[in-house]
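Asker: Sequence:
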Amino acid sequence: MTLPVDISQTSLIKGDARSISIAAASIIAKVTRDKIMDGLDEQYPGYAFSSHMGYGTKVHLEAIEKLGPCPEHRLSFAPLSKRNDD
4 MTLPVDISQT SLIKGDARSI SIAAASIIAK VTRDKIMDGL DEQYPGYAFS SHMGYGTKVH
64 LEAIEKLGPC PEHRLSFAPL SKRNDD
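Here the numbering used here is used: the first residue of the sequence shown is 4, the next is one more, and so on.
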């Protein structure tokens, strides 16, 4: 998703290898996401969020199939949107 921004910007391929600021932001984003996923793992047991961090792994898809989506799941996530089409 691209949002309009009125600030001059340049895309950098492999930016985290070329800019320490981008690398630092990437690490901060990952650590933050991992903490959020650990919290969701406690809030919604059974989905194993802390082990797959929200990626569409086999374990994650099996948990959704068994338990249904939790309120945090995006219904636009392909396996869920296909489920709603059935």
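Everything labelled a hint here was simulated from the structure, so no lab data went into it. Keep in mind that this is a model prediction, so the values were computed, not measured. Backbone N, C-alpha and C fix where the C-beta goes; we use that ideal spot for every residue, glycine too. A hint or two may mislead.
Quick list of simulated restraints, FRET-style, between CB atoms [what the hints assert, rightly or not]:
#, residue 1, residue 2, range
1, Leu15, Thr60, 40 to 48 Å
2, Thr35, Thr5, 27 to 35 Å
3, Asp19, Glu65, 30 to 38 Å
4, Glu68, Thr13, 39 to 47 Å
5, Thr5, Ser29, 36 to 44 Å
6, Lys69, Ala20, 37 to 45 Å
7, Gly18, Ser54, 24 to 32 Å
Listed below are the simulated SDA-like cross-link pairs for lysine to any residue, each with C-alpha atoms no more than 20 Å apart in a straight line [to be verified]:
#, residue 1, residue 2
8, Lys33, Arg21
9, Lys85, Ala66
10, Lys38, Lys17
11, Lys69, Ser79
12, Lys38, Lys69
13, Lys17, Met40
14, Lys38, Ala20
15, Lys85, Leu64
16, Lys33, Ser11
17, Lys33, His55
18, Lys61, Phe80
19, Lys85, Ser54
20, Lys33, Ala20
21, Lys38, Ala28
22, Lys33, Ser54
23, Lys38, Ala26
24, Lys33, Leu15
25, Lys38, Pro74
26, Lys69, His55
27, Lys61, Cys73
28, Lys61, Ala51
Asker: Would you list, in rising numerical order, the hints stated earlier that this structure does not obey?
Answerer: 1, 2, 5, 10, 12, 13, 14, 16, 19
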